[in-house]
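Engineer: In order, the protein sequences belong to chains A and B. Under the working numbering, think of the first position of the first sequence as 1, with each following residue one higher. Under the working numbering, think of the first position of the second sequence as 1, with each following residue one higher.
If you're looking for bench data, these hints aren't it; they were derived computationally from the structure. Worth double-checking, as some hints may not be accurate.
The list treats identical chains as interchangeable, and a pair is accepted whether it falls inside one copy or across any two copies.
Okay, derived cross-link-like pairs now, DSS-like style, lysine-lysine, Cα gap no bigger than 30 Å in a straight line [said to hold, decoys possible]:
{"id": "1", "residue 1": "Lys31", "residue 2": "Lys186"}
{"id": "2", "residue 1": "Lys51", "residue 2": "Lys31"}
{"id": "3", "residue 1": "Lys16", "residue 2": "Lys190"}
{"id": "4", "residue 1": "Lys171", "residue 2": "Lys4"}
{"id": "5", "residue 1": "Lys93", "residue 2": "Lys171"}
{"id": "6", "residue 1": "Lys93", "residue 2": "Lys31"}
{"id": "7", "residue 1": "Lys190", "residue 2": "Lys4"}
{"id": "8", "residue 1": "Lys171", "residue 2": "Lys62"}
{"id": "9", "residue 1": "Lys55", "residue 2": "Lys186"}
{"id": "10", "residue 1": "Lys31", "residue 2": "Lys171"}
{"id": "11", "residue 1": "Lys186", "residue 2": "Lys17"}
{"id": "12", "residue 1": "Lys62", "residue 2": "Lys190"}
{"id": "13", "residue 1": "Lys146", "residue 2": "Lys16"}
{"id": "14", "residue 1": "Lys55", "residue 2": "Lys190"}
{"id": "15", "residue 1": "Lys76", "residue 2": "Lys16"}
{"id": "16", "residue 1": "Lys190", "residue 2": "Lys17"}
{"id": "17", "residue 1": "Lys146", "residue 2": "Lys76"}
{"id": "18", "residue 1": "Lys31", "residue 2": "Lys146"}
{"id": "19", "residue 1": "Lys4", "residue 2": "Lys76"}
One-letter residues, chain by chain:
2 protein chains.
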Amino acid sequence: MISKGLLKYIRSLQIKKYRLLHQAFTVEGEKSVAELLQSDFALETVFATQKFLQKHTHLLQKGFEVVEVSEEELAKAGSMETNNAALAIARMKPATDFAWQDHPFVLALDEVRDPGNLGTIIRIADWYGLTAVVLSENSADFYNQKVIAATMGSFTRITPHYVNLPEFLQKRPQNVPVYGAALAGKNVHKLDLQPRGVLVMGNESHGIRPETMQLVTQPLHIPGRGGAESLNVGTATAILLDNFFRNS
Amino acid sequence: MISKGLLKYIRSLQIKKYRLLHQAFTVEGEKSVAELLQSDFALETVFATQKFLQKHTHLLQKGFEVVEVSEEELAKAGSMETNNAALAIARMKPATDFAWQDHPFVLALDEVRDPGNLGTIIRIADWYGLTAVVLSENSADFYNQKVIAATMGSFTRITPHYVNLPEFLQKRPQNVPVYGAALAGKNVHKLDLQPRGVLVMGNESHGIRPETMQLVTQPLHIPGRGGAESLNVGTATAILLDNFFRNS
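Here chain A stands alone, though its shape is the one from the complex (with noise of 0.2 Å):
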């Protein structure tokens, strides 16, 4: 039994200004809980099943409250149309300055403003190995409910780095090429790219702004041969870090 005072503290939580506030956020569904309790993030309260409970239970021994409910507490308390699993209320990291040693090819996103996309992306980085991502101030929140839904459980490998990204790129070690997804670049399949440097994608309907293209010093394209003008954000982004990793 979920109570009306947690009811609406979950459901708030669904409201970036909330999850400022409290510093914590939703996850909802049997995988992404999952992946959730076997990460290093911190819990509130897990609200599940019985079977998911019963199914998971090694997973379930730590320092957090767990409520047993119903589906459909679940679906009345959660953003999913159904849920048979379980939602989780887990505090969200503290920032942490971005350490360039440490990530030899950048992934950084100007101004991706689509939930769904952003978890795609995350999704993506997390299969080719990334362990961060680089954001412009404006994109889409990482701990929004649909874009850690969309990421599958990859949310908890992917540290989201928030920045000023013109800036962040004028301050990054010298000789780190900046790559840029731009209509009039170089086309990729012609390079033989490596995982070094960073990789700049843009937003769904402008793409990279000025004053980050500016910083961009390598511009690359996705030839295309059929009549679609444009591919979207998501997909381009898993083309080009294909193209990045396969000779690596």
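Got chain A; can you put chain B on it based on the hints?
Structural biologist: Using the frame of chain A, we list chain B on its own:
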């Protein structure tokens, strides 16, 4: 102004049964309707705002009804939350047989169920210059409004062929290889792939069905190096198509 009867008709087209019955489907939003007007699809009616009508006058000279409506009416009639441009009712094209000789490279989908994924895949197929997609009978419906929206206009350049996929593959011309995305496949980065043959992509949860998989002659795998267990089927299709077309 949209009459009550027309409103009911438009809404009924959000359901597959009624699309089949009427052999019609809806297209929403500025880019999609503009691409539709430049395609060879037959139209029944275009509902559009004054702004859209003024901007696209040159596209509205054909033999179909044009009705000026408000943004509120468009949102009320269609499936999009906001639509400040247009909604069109278009005629489905009669199904045609698949002509192997016209398609040296074939993308085949085995039970891809999510409309958003199918739409994304059609957009990617169009980017790489394909003009058809083969789908198993229980895949998502090409004419679903969410599929149409996610293609960003590419639905006008790709012909869907719904088939019994195992049978279709069995009857393929001699020496046509069948590639399939599978965890136990060969590393795509180590192969010199050429766009000849069939590429099969499987269901979001279950991958390629056993009866289809036994006809795959060349299983392929995208090597990952992080913690993510899998890639979204749209993402995987994009990466694989890029690997097929990068050398050609």
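Engineer: State for each hint whether it applies.
Structural biologist: Against the structure, the hints come out as follows:
1. Lys31 x Lys186: between (39 Å within a copy, 27 Å between copies)
2. Lys51 x Lys31: within (14 Å within a copy, 46 Å between copies)
3. Lys16 x Lys190: Cα proximity of Lys16 and Lys190: none, with 42 Å in one copy and 44 Å across.
4. Lys171 x Lys4: For Lys171 and Lys4, neither the intra-copy (48 Å) nor the inter-copy (61 Å) Cα distance is at most 30 Å.
5. Lys93 x Lys171: within (25 Å within a copy, 56 Å between copies)
6. Lys93 x Lys31: Answer is within: at 20 Å inside a copy they meet the 30 Å cutoff, but 41 Å across does not.
7. Lys190 x Lys4: neither (59 Å within a copy, 57 Å between copies)
8. Lys171 x Lys62: So Lys171 and Lys62 fail the 30 Å test inside a copy (41 Å) and across (57 Å) alike.
9. Lys55 x Lys186: neither (50 Å within a copy, 34 Å between copies)
10. Lys31 x Lys171: The answer is neither: 38 Å in one copy and 39 Å across copies each exceed 30 Å.
11. Lys186 x Lys17: For Lys186 and Lys17, the Cα distance exceeds 30 Å both inside one copy (41 Å) and across copies (47 Å).
12. Lys62 x Lys190: neither (51 Å within a copy, 44 Å between copies)
13. Lys146 x Lys16: Both, since 12 Å and 27 Å are each at most 30 Å.
14. Lys55 x Lys190: Neither, since 49 Å and 39 Å both go past 30 Å.
15. Lys76 x Lys16: both (20 Å within a copy, 29 Å between copies)
16. Lys190 x Lys17: neither (45 Å within a copy, 48 Å between copies)
17. Lys146 x Lys76: The answer is both: 16 Å in one copy and 25 Å across copies each meet 30 Å.
18. Lys31 x Lys146: both (14 Å within a copy, 25 Å between copies)
19. Lys4 x Lys76: For Lys4 and Lys76, only the intra-copy Cα distance (12 Å) is at most 30 Å; the inter-copy one is 34 Å.
Violation of the numbered hints given earlier is confined to hints 3, 4, 7, 8, 9, 10, 11, 12, 14 and 16; the remaining hints are satisfied by the structure.
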